[in-house]
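One line per chain: the protein sequences are A and B, in this order. Residues 1 to 431 in this note's numbering are what the first sequence spells out, letter by letter. Residues 1 to 483 in this note's numbering are what the second sequence spells out, letter by letter.
There's no promise every hint is true.
[Claimed, not checked] Partial selection, computed: residues in chain A whose CB lies under 10 Å from chain B:
1. G28
2. G30
3. G250
4. P252
5. G303
6. S312
7. A355
8. G359
9. L362
If you are wondering where the hints come from, they were derived from the structure by calculation, not from laboratory data. Yeah, the Cβ is synthetic: ideal placement off N, Cα and C, and Gly gets one too.
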Amino acid sequence: MTRTVEGGLLTGAAVLAAFGVTLVNLAGGGSLDARVGLTFVVMLLAFGGVHLAIRRWAPSASNALLPPAALLTALGLAEIHRLDPARAALQQWWLLIAAGLAVGMLRIFATTRLDTIRRYRNLLLAGALVLLVLPLLPSSGPIPIKGLEANGSRLWVLIDLGITEMRFQPGEIAKLIVVLFLASYLAERQSSLADRPRKVGPFHLPEPRQLFPLVLVWAASLGVLVGQRDLGASLLLFGAFVGMLYTATGRPAYLAVGGLLAVGGGFAAYRVFDHVVRRVEAWISPFEHFEGSGYQVAQAWFGMGTGSLSGSGLGLGRPDLIPNADTDFIFAAIAEELGFAGSIAVIAAFAMLVAVGFGIALRSRDRFRKLTAAGLTWVFALQTLLILGGVLRLVPLTGITLPFVSYGGSSLVGNFLLVGLLARISHEEQT
Amino acid sequence: MNRPTRRLAVGVMICFGLLALMSTWVQVLAADDYRLDPRNARFNLAQSGKERGLILSADGVVLARSDPDPDTPGTYVRVYPEGEAFTHVVGYASLLFGENGLERIYSADLRSRRDLTISDLIAVILGRDLRPDNLQITLDAQLQRTALAALDGQAGSVVALNPQTGEILAMVSFPSFDPALLLGPDAAERWQELVDDPARPLADRTTRELYPPGSTFKVIVTGAALQSGVAGPETTFPDPAEFQLPGSDSTISNFDGDVCNDGASVTLQQAFVRSCNTTFANLAIQVGAVEIGGVANAFGFNNPIESPWTIATSNFPTSQLSDDQAALGQSGIGERDVRATPLQMALVAAGVANDGVVMNPYLVERIFNADGVDQEMAEQSPLRTALAPATAEVLTQLMERVVTSGTGRRAAVPGQRVAGKTGTASGPGGQPHAWFIGFAPVENPTIALAVLVEAGGNVGETATGGGVAAPIAAEVFAEWLNR
Numbered sequence: 001m002t003r004t005v006e007g008g009l010l011t012g013a014a015v016l017a018a019f020g021v022t023l024v025n026l027a028g029g030g031s032l033d034a035r036v037g038l039t040f041v042v043m044l045l046a047f048g049g050v051h052l053a054i055r056r057w058a059p060s061a062s063n064a065l066l067p068p069a070a071l072l073t074a075l076g077l078a079e080i081h082r083l084d085p086a087r088a089a090l091q092q093w094w095l096l097i098a099a100g101l102a103v104g105m106l107r108i109f110a111t112t113r114l115d116t117i118r119r120y121r122n123l124l125l126a127g128a129l130v131l132l133v134l135p136l137l138p139s140s141g142p143i144p145i146k147g148l149e150a151n152g153s154r155l156w157v158l159i160d161l162g163i164t165e166m167r168f169q170p171g172e173i174a175k176l177i178v179v180l181f182l183a184s185y186l187a188e189r190q191s192s193l194a195d196r197p198r199k200v201g202p203f204h205l206p207e208p209r210q211l212f213p214l215v216l217v218w219a220a221s222l223g224v225l226v227g228q229r230d231l232g233a234s235l236l237l238f239g240a241f242v243g244m245l246y247t248a249t250g251r252p253a254y255l256a257v258g259g260l261l262a263v264g265g266g267f268a269a270y271r272v273f274d275h276v277v278r279r280v281e282a283w284i285s286p287f288e289h290f291e292g293s294g295y296q297v298a299q300a301w302f303g304m305g306t307g308s309l310s311g312s313g314l315g316l317g318r319p320d321l322i323p324n325a326d327t328d329f330i331f332a333a334i335a336e337e338l339g340f341a342g343s344i345a346v347i348a349a350f351a352m353l354v355a356v357g358f359g360i361a362l363r364s365r366d367r368f369r370k371l372t373a374a375g376l377t378w379v380f381a382l383q384t385l386l387i388l389g390g391v392l393r394l395v396p397l398t399g400i401t402l403p404f405v406s407y408g409g410s411s412l413v414g415n416f417l418l419v420g421l422l423a424r425i426s427h428e429e430q431t
Numbered sequence: 001m002n003r004p005t006r007r008l009a010v011g012v013m014i015c016f017g018l019l020a021l022m023s024t025w026v027q028v029l030a031a032d033d034y035r036l037d038p039r040n041a042r043f044n045l046a047q048s049g050k051e052r053g054l055i056l057s058a059d060g061v062v063l064a065r066s067d068p069d070p071d072t073p074g075t076y077v078r079v080y081p082e083g084e085a086f087t088h089v090v091g092y093a094s095l096l097f098g099e100n101g102l103e104r105i106y107s108a109d110l111r112s113r114r115d116l117t118i119s120d121l122i123a124v125i126l127g128r129d130l131r132p133d134n135l136q137i138t139l140d141a142q143l144q145r146t147a148l149a150a151l152d153g154q155a156g157s158v159v160a161l162n163p164q165t166g167e168i169l170a171m172v173s174f175p176s177f178d179p180a181l182l183l184g185p186d187a188a189e190r191w192q193e194l195v196d197d198p199a200r201p202l203a204d205r206t207t208r209e210l211y212p213p214g215s216t217f218k219v220i221v222t223g224a225a226l227q228s229g230v231a232g233p234e235t236t237f238p239d240p241a242e243f244q245l246p247g248s249d250s251t252i253s254n255f256d257g258d259v260c261n262d263g264a265s266v267t268l269q270q271a272f273v274r275s276c277n278t279t280f281a282n283l284a285i286q287v288g289a290v291e292i293g294g295v296a297n298a299f300g301f302n303n304p305i306e307s308p309w310t311i312a313t314s315n316f317p318t319s320q321l322s323d324d325q326a327a328l329g330q331s332g333i334g335e336r337d338v339r340a341t342p343l344q345m346a347l348v349a350a351g352v353a354n355d356g357v358v359m360n361p362y363l364v365e366r367i368f369n370a371d372g373v374d375q376e377m378a379e380q381s382p383l384r385t386a387l388a389p390a391t392a393e394v395l396t397q398l399m400e401r402v403v404t405s406g407t408g409r410r411a412a413v414p415g416q417r418v419a420g421k422t423g424t425a426s427g428p429g430g431q432p433h434a435w436f437i438g439f440a441p442v443e444n445p446t447i448a449l450a451v452l453v454e455a456g457g458n459v460g461e462t463a464t465g466g467g468v469a470a471p472i473a474a475e476v477f478a479e480w481l482n483r
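Next comes chain A alone, as it looks inside the complex:
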């Protein structure tokens, strides 16, 4: 696939988004209006911008990264427009901001290689921890940066700019920084972590000194769980940590212990937090709890079942009956209106993006880049699996966004940067 084909596919995605908005307008009894053209232009500017930036500053980068991301963004934009046109307009601004940041990042790494990051490893760790703590700031007071609580979790930060307010979820950026930190740390200490000179009872352990920064990340994810009462974000951080530890050392024991800790932590959360209890109820028996905790999942399943093979058509279903349809449950909304065909398209696009990411990791010769690529892909995949698995009832629901598809600016920014980083890594491997 050449760069030109990539450009063609991105244009195709822009057309798809505009077409989706058109269908939504027509189904609502409206007609072609400025929003159709605007959607097309914004999509073209965002993905075309990143595409041109790659052409210029990372010409050898993989050209299979942007098209699936563009397809997902296009489907997301159309569905958000269908659910809430005002939010779709906001999301388009975020799309431009996210693409702009990705372009900026590609520009920075055009002259300084990704390796430079490794010099600022401790700064990265500190930055990630600060970002994670931000939502715990008091929600009122003199500080212009305030923590915000929503749906029982404290994940948001509100920046009071005087003239306007901005909300974002620092966790979406923090997860990238944590991956970069872990990659840099593990690339150096890989052998010392794989060696386990210490013996405690039947267990072989690495030197405690080697483990310290890792314990810090683990504690941070626990802190997120307790302080922000959010299972999703905490699971994502902890999952990134365990997955990368395994990738770096090749020791399945890390996976096993990590898995046990995750289940244990989840169980502890179940005992402590009411909203976790409700989510488990909604997972196991949503239809028995239709009047309460299960309503959202049950409505999502009613919608998906009604959508059946070919869906109701964009704008013709009733995904508005599903609470939070434009964020956590955007997949159910797409499945209802675009049917099984649409669901499989979304799942396949994610699988493709993840496969490309892992491919970049496997082909990387440099240890740091390999770990970064694997870590970024793994975090991206884990987030996708957790939320899709939650909607499709493979795991309990955790309130996190579906990358590129859900409404949400921070998520869009984080995932554009993630794909930009993967592009950069694949470029550096070729040069």
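Dock chain B against chain A, hints included.
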């Protein structure tokens, strides 16, 4: 380091596979379970705003239509131009409260098959018609309006049908309500008001409410007496002012507390025309519960009638009365546990009018598509044979005398031969239900009806079938016969 990465990748891909499997389950294999779950509001919601077919009266008046919604292009609003007059027949199609009446029963025909998806295109290519079908019903709008006006604001009902075919010509239940109330933005409040209204406007007093039929039931007792040979029109009975019920301290007296004829003897014909309770309590006991029950069942009592929808089953407790003569005496005058819907009593009149054959009542004449081509036509069929033609003939003579010289004189229509029977049945708080059943013209009956005015109507405790219900019947007969 590539091996763990590869394993991680394989694990992730397996999970994506599991997601695809779950998606297949929800959206393909088990999709119908979730789609058709009664808690899934999507189906009803999808119907709201869609075009529905016309419902027309027999004389071509639009009873229900769909107009384009001026606020939301591409959607429709249901309009009921006749307001409250047809509510209990036509029903309503409401988003919040579902469908009722013909709107519910013929919903599949009345619904547009257009769903704005690719399947529309396929259907058009295959030459299928997506437009909704329409109903023409048997009700005569003018007769319906006349009947409603004749009730004059009194709670009750009028059911009229063609005794020779079973076509229902008028079916009015009052109090009623305008179905438009249930379609507006404040439908939920209006609904609650209707539910809470002590006048019970939601109740269908033609087919879903049961009342003691009172003396109109004497038509059945007389039919059973004639049929079984126990008595003829000239058979004489004692004429006491009070009839002592056997095996009981209770007595039955006549309406005015007086003797029926001369205090010595009275013929069956005189007793029928004057509606003497003493004679009929006596006669019922002589005829027996089994004979009376047989005739009542043949008219439709104790059997569910499914047309046009499930009618509340009228009751004559035959086996219970077989060994309780006192109760049988009271049942002979349509009291105690005897209960009937006005539709059932209209069928009794219709059966007598049609030489003893009760025709299956029906409401929908034809279903026709958007091009006016008939899709389905009503079929006329006998429900049951209730009486031998000779018995029906004698009963007709007796019923004509009720109108010419008996309790039903106010049902008379100048220049027409009308037959009927009045009834004054015990009602709540001493306010009697007033009944009239009858048919006309006697020589070739084209209309049979039942009129019921609940709980004394505008008159109260002194209401009688002859005084309150018979004049309503006269107005309906006149409208139908003097065309």
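**Prompt:** Which numbered conditions among the earlier hints are violated in the structure presented, ordered from lowest to highest?
**Reply:** none
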